[in-house]
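A.B. asks: Residues per chain are reported as follows:
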Amino acid sequence: MEEKILKLKEEILKKMSEIKSQVDVENLRVEYLGKKSEVVEILKNLKNVEESKRKEVGEKANSLRQEIEKMVENKKEELKELEYVARIENSEKIDISLPTEKSIGSLHPITITERELEDIFTSMGFTVEDGNEVETEYNNFEAVNVPKYHPARDMQDTFWLENGQVLKTQTSAAQNKIMLKYGAPLKAIFPGRCFRNEALDASHENTFFQMEGMMIDKDVSIANLIYFMKTLLSEVFKKDVEVRLRPGYFPFVEPGFELDIKCPYCDGEGCKVCKHGTWIELCPCGMIHPNVLKMGGIDPDKYSGFAFGLGLSRLAMMKYSINDLRVMNSCDVRALKQMNVK
Amino acid sequence: MIIAGLLIFGDEAALGEDVKNIIPIDDVIYEVDNKSLTNRPDLWGHYGIAREIAAITGRKLKPLYVENIEKYNDLETLNLSVEAEDENPLCLRYSAIRIENVTKKMASWKMKVRLYYCGMRSINLLADMTNYIMMELGQPMHAFDANKVHSINVRTLREETDFVTLDEEKRTLDKGVLMIANENEPVAIAGVMGGLNTEIEDETTSVFLESANFDATNIRKTASKYNLRTDAAAHYEKTLDPELTKTSIERFITVLKEEDPDIKVTSAFSDIYLKRYPHIVITIDKDYIDRSIGKELSMEEITTTLTNLEYGLKVDGKVITIDVPSFRATKDVSQKADIIEEIARIHGYDNIEPKTNLWKVAPIEKDPVRELEYSIKELLAVKYGMSEIHSYVWYSFELNKKLGIKVEDNLKITNGIVKEDNTLRRDMAPTMLYAVYKNIKYMPEVKVFEVGRTFDYNFDLKNAIEHKVLGAAIASNNKEEKELVFEAKKMAQDILKINKNISARFINRENIDKSWMHPFNTFDILIDEKYVGYISLVHPKISDNINAKTSIAILELDVDKIGSLAKNNIKFKEVSKFQTVTFDLSLIASSDVKYDKIENIIKSSNMKYLQEYSLIDIYEDSKKLFGKKTYTIRFTIYANDKTLTKEEIDSDREEVLNSFKQNGIYINE
Numbered sequence: 001m002e003e004k005i006l007k008l009k010e011e012i013l014k015k016m017s018e019i020k021s022q023v024d025v026e027n028l029r030v031e032y033l034g035k036k037s038e039v040v041e042i043l044k045n046l047k048n049v050e051e052s053k054r055k056e057v058g059e060k061a062n063s064l065r066q067e068i069e070k071m072v073e074n075k076k077e078e079l080k081e082l083e084y085v086a087r088i089e090n091s092e093k094i095d096i097s098l099p100t101e102k103s104i105g106s107l108h109p110i111t112i113t114e115r116e117l118e119d120i121f122t123s124m125g126f127t128v129e130d131g132n133e134v135e136t137e138y139n140n141f142e143a144v145n146v147p148k149y150h151p152a153r154d155m156q157d158t159f160w161l162e163n164g165q166v167l168k169t170q171t172s173a174a175q176n177k178i179m180l181k182y183g184a185p186l187k188a189i190f191p192g193r194c195f196r197n198e199a200l201d202a203s204h205e206n207t208f209f210q211m212e213g214m215m216i217d218k219d220v221s222i223a224n225l226i227y228f229m230k231t232l233l234s235e236v237f238k239k240d241v242e243v244r245l246r247p248g249y250f251p252f253v254e255p256g257f258e259l260d261i262k263c264p265y266c267d268g269e270g271c272k273v274c275k276h277g278t279w280i281e282l283c284p285c286g287m288i289h290p291n292v293l294k295m296g297g298i299d300p301d302k303y304s305g306f307a308f309g310l311g312l313s314r315l316a317m318m319k320y321s322i323n324d325l326r327v328m329n330s331c332d333v334r335a336l337k338q339m340n341v342k
Numbered sequence: 001m002i003i004a005g006l007l008i009f010g011d012e013a014a015l016g017e018d019v020k021n022i023i024p025i026d027d028v029i030y031e032v033d034n035k036s037l038t039n040r041p042d043l044w045g046h047y048g049i050a051r052e053i054a055a056i057t058g059r060k061l062k063p064l065y066v067e068n069i070e071k072y073n074d075l076e077t078l079n080l081s082v083e084a085e086d087e088n089p090l091c092l093r094y095s096a097i098r099i100e101n102v103t104k105k106m107a108s109w110k111m112k113v114r115l116y117y118c119g120m121r122s123i124n125l126l127a128d129m130t131n132y133i134m135m136e137l138g139q140p141m142h143a144f145d146a147n148k149v150h151s152i153n154v155r156t157l158r159e160e161t162d163f164v165t166l167d168e169e170k171r172t173l174d175k176g177v178l179m180i181a182n183e184n185e186p187v188a189i190a191g192v193m194g195g196l197n198t199e200i201e202d203e204t205t206s207v208f209l210e211s212a213n214f215d216a217t218n219i220r221k222t223a224s225k226y227n228l229r230t231d232a233a234a235h236y237e238k239t240l241d242p243e244l245t246k247t248s249i250e251r252f253i254t255v256l257k258e259e260d261p262d263i264k265v266t267s268a269f270s271d272i273y274l275k276r277y278p279h280i281v282i283t284i285d286k287d288y289i290d291r292s293i294g295k296e297l298s299m300e301e302i303t304t305t306l307t308n309l310e311y312g313l314k315v316d317g318k319v320i321t322i323d324v325p326s327f328r329a330t331k332d333v334s335q336k337a338d339i340i341e342e343i344a345r346i347h348g349y350d351n352i353e354p355k356t357n358l359w360k361v362a363p364i365e366k367d368p369v370r371e372l373e374y375s376i377k378e379l380l381a382v383k384y385g386m387s388e389i390h391s392y393v394w395y396s397f398e399l400n401k402k403l404g405i406k407v408e409d410n411l412k413i414t415n416g417i418v419k420e421d422n423t424l425r426r427d428m429a430p431t432m433l434y435a436v437y438k439n440i441k442y443m444p445e446v447k448v449f450e451v452g453r454t455f456d457y458n459f460d461l462k463n464a465i466e467h468k469v470l471g472a473a474i475a476s477n478n479k480e481e482k483e484l485v486f487e488a489k490k491m492a493q494d495i496l497k498i499n500k501n502i503s504a505r506f507i508n509r510e511n512i513d514k515s516w517m518h519p520f521n522t523f524d525i526l527i528d529e530k531y532v533g534y535i536s537l538v539h540p541k542i543s544d545n546i547n548a549k550t551s552i553a554i555l556e557l558d559v560d561k562i563g564s565l566a567k568n569n570i571k572f573k574e575v576s577k578f579q580t581v582t583f584d585l586s587l588i589a590s591s592d593v594k595y596d597k598i599e600n601i602i603k604s605s606n607m608k609y610l611q612e613y614s615l616i617d618i619y620e621d622s623k624k625l626f627g628k629k630t631y632t633i634r635f636t637i638y639a640n641d642k643t644l645t646k647e648e649i650d651s652d653r654e655e656v657l658n659s660f661k662q663n664g665i666y667i668n669e
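One line per chain: the protein sequences are A and B, in this order. Numbers 1 to 342, taken from our numbering, label the letters of the first sequence in order. Numbers 1 to 669, taken from our numbering, label the letters of the second sequence in order.
Check before you lean on any hint, since a few could be wrong.
Said to hold, decoys possible - Some chain A residues well away from chain B (every beta-carbon gap over 12 Å; in silico):
| # | residue |
| --- | --- |
| 1 | LEU33 |
| 2 | GLY34 |
| 3 | ASN45 |
| 4 | ASN48 |
| 5 | SER63 |
| 6 | LYS70 |
| 7 | GLU78 |
| 8 | THR127 |
| 9 | VAL134 |
| 10 | SER203 |
| 11 | ALA223 |
| 12 | MET295 |
Claimed, not checked - What follows is a list of derived Cβ distance ranges for each label pair:
| # | chain 1 | residue 1 | chain 2 | residue 2 | range |
| --- | --- | --- | --- | --- | --- |
| 13 | B | ARG59 | A | TYR138 | 42 to 50 Å |
| 14 | A | TYR138 | B | LYS225 | 21 to 29 Å |
| 15 | B | LYS571 | A | TYR84 | 44 to 52 Å |
These aren't lab readings, by the way, just hints derived from the structure by calculation. Ideal placement from N, C-alpha and C gives every residue a C-beta, glycine not left out.
The whole structure should be built from the sequences, with the hints applied where relevant.
C.D. replies: Pasting the structure below:
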């Protein structure tokens, strides 16, 4: 009996080593462990073995059965493994350098720049307001302290409309409405499209974007303005920028300033952006003129504030190194689609 | 004397002498960067700039040497008259004096060189003198030949008049232009340019010297109307101090005597002073100054600054009472804010340390229309691969013509450079079509959009009504028209679903009122039966003009209207734990039955457990199904509290089939 067990074992080992498929493994299992297999037969017939050897034979037969089970299991795993190897070898070698479908469009550089600025401003507690594009003469001029016959009206080449309204020449045209809407204290920015009646060239457009801001509260000082503009512009240019003020004249502020920043692209060493001038004239600003506050329904004896303008079109051009302002309104998708969406 | 390009000196120069001893050409240039110059009439002369530099540097301003002309008071007074219609005369002050025996013809080297450095050409002594004083003090002056001018009246033209100015051009001047006249014969356009008829000539030895002050706005209008932007006009436009007319005559005589000691003043200082600017006094206290600047300055610094700028001061404790000098009082300085500027700028803006304030913090309200606008832009760019463009808010006459786009009349620009491009847009579509036209030659598919403004105007309205509108165009040389229309529909649905959780109804537009709209493939978009936009296949006439191979769909949505809608709350529905049943029905209907009819039947049927339905397939085959088509609809039914029995399922199925039957739609067996 013991010999038979040994023989069986050898036989199985031999067959197992020749097997190539899962089906054959299963067949082998049925042959040696199935109901009619020799191993099961041996176990069934243990009662016929003489008693002294019964235990030993039983143990050996059982251990053979376990060994076969183990072998089958291992063989199955081994074959599975081979299958994966074969599948991997047969799978396509993907050329990742192939292009994907171009499915993402683009936002306008002004939109992207505007959104970035708005995020900075809202994080500093400013509301964002929309202005009109067609404005009354009053809002565009009178309400920002540019009375009739003021030379500033000539300086800005205005598009006049047949009903006496104008295409707004400056975002300041929204100042009055915003002051009347919110009163003081007030922190608001108002980006928008502006228009000047002039011929087009690389640096002149009749349609362009500005962003203007106002901050009105008790005891707002020139020192506050400088602090605020420095903080803001450092955020815009993602570095600590140096600012300076020079006297400037804008009818709606007094005093008025031209704010320059030390060129953030070359740290003032001289480059194309600052035209080797170290400083870039960036932002007209000033303390809001008492007349403007009054017309906006705010008492200039109680409140003061500052206002500032940012050339959105100009900032967008700086951001993307666009040299020709005409790109902005060109509608040329070949140019604009480079902008991505953020 | 200059002969053949050689400068010949007379006895004044010894051989070998440094030319600089004779011609004072040494020059020092200070660059003064001041953008507010146009608003500072007092800085339009060197003396004003000197005053400013003295204040900035803390040095003493040299006095202006002038001859006292009181001593001529006993001489003949010149005959002057100035017309004034009201309390705002066009000529505020007219001063004059007569000088005779001017025998020298050429100005000194010193004067010539100085004028040259100021960008002026030397003409003759008297003309150079007027320019020199203008450069020095900012007051334009005019020298008439006294043999030709005896009395002056300043008046506006009663009728259109021809006049030859010093530049030898004959101009026809309109009625109402302010003129200087000699015995009613015009001799100069006031404050702008003299006439050729009274020009100083070589033989002129006596001069009738004008030093006047004119209304700035009127000068500016006249100068720009006749395109005579002279130096004199440029100065007058700044609103000069009328006090300056007398000082300038005094200074003129002083300097002229240095040039030509033999001159004789032969009239009294003659003067008509119609309008004086009010004397301005500003009271300000030191705390206010400190608060406004955001830095505490010493009282001494404040008073020194203001004194150096020639303000009159009275200090009482912390309160300063300030007398504004006349040369700052014409428009520039009138209130406290102006004084803050004086103190702060002389202190130096760079010397003010940045400081924060204790601002109140409050949550920010976001404008729903702006939020919607950004959301639309991002969606269209990210999901639909569209490019945002910026177009102009007026129509292009040329492109409308070329593409065959006809537009309705609207508010017009009256003074644009391109005169024909004057009509503001009522719709976004035309400017989107321009963009398609510009791009389609470079790419087989153009997908562009803009959230821009459109304007509605008619003559009953005072002001135009402005709308924020999305305009989008999808143009393709490969895709089918239907595909483009459905892409536009999906955009509109996505925009509404994402931002407002609402769905719209799309119906055939009845009124095809725009030239680019397809006669029947144009669809209005309705929310709660209110119009919010449209989708249109572009009329083949126009798309053909753009490109014969191109199909174009247009989408316009009123962003203002949609932005103002309330967002539909999302009501969460528990997912059923019980079995879901789906079944498909293939329905045969007359081919004019639209899908929305099918939907309406389903919605109005009495199905008890209907949760969802969707269109699986449409089949149309004119041969097999003449005049008919089939819709295959998948129904999903379940209950939240039980598993449906076969009877319940069948009953729901029967319900919807009955509803279809009543509408002449049958199951396709």
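A.B. asks: Hint numbers the structure violates, sorted upward?
C.D. replies: 8, 9 and 11
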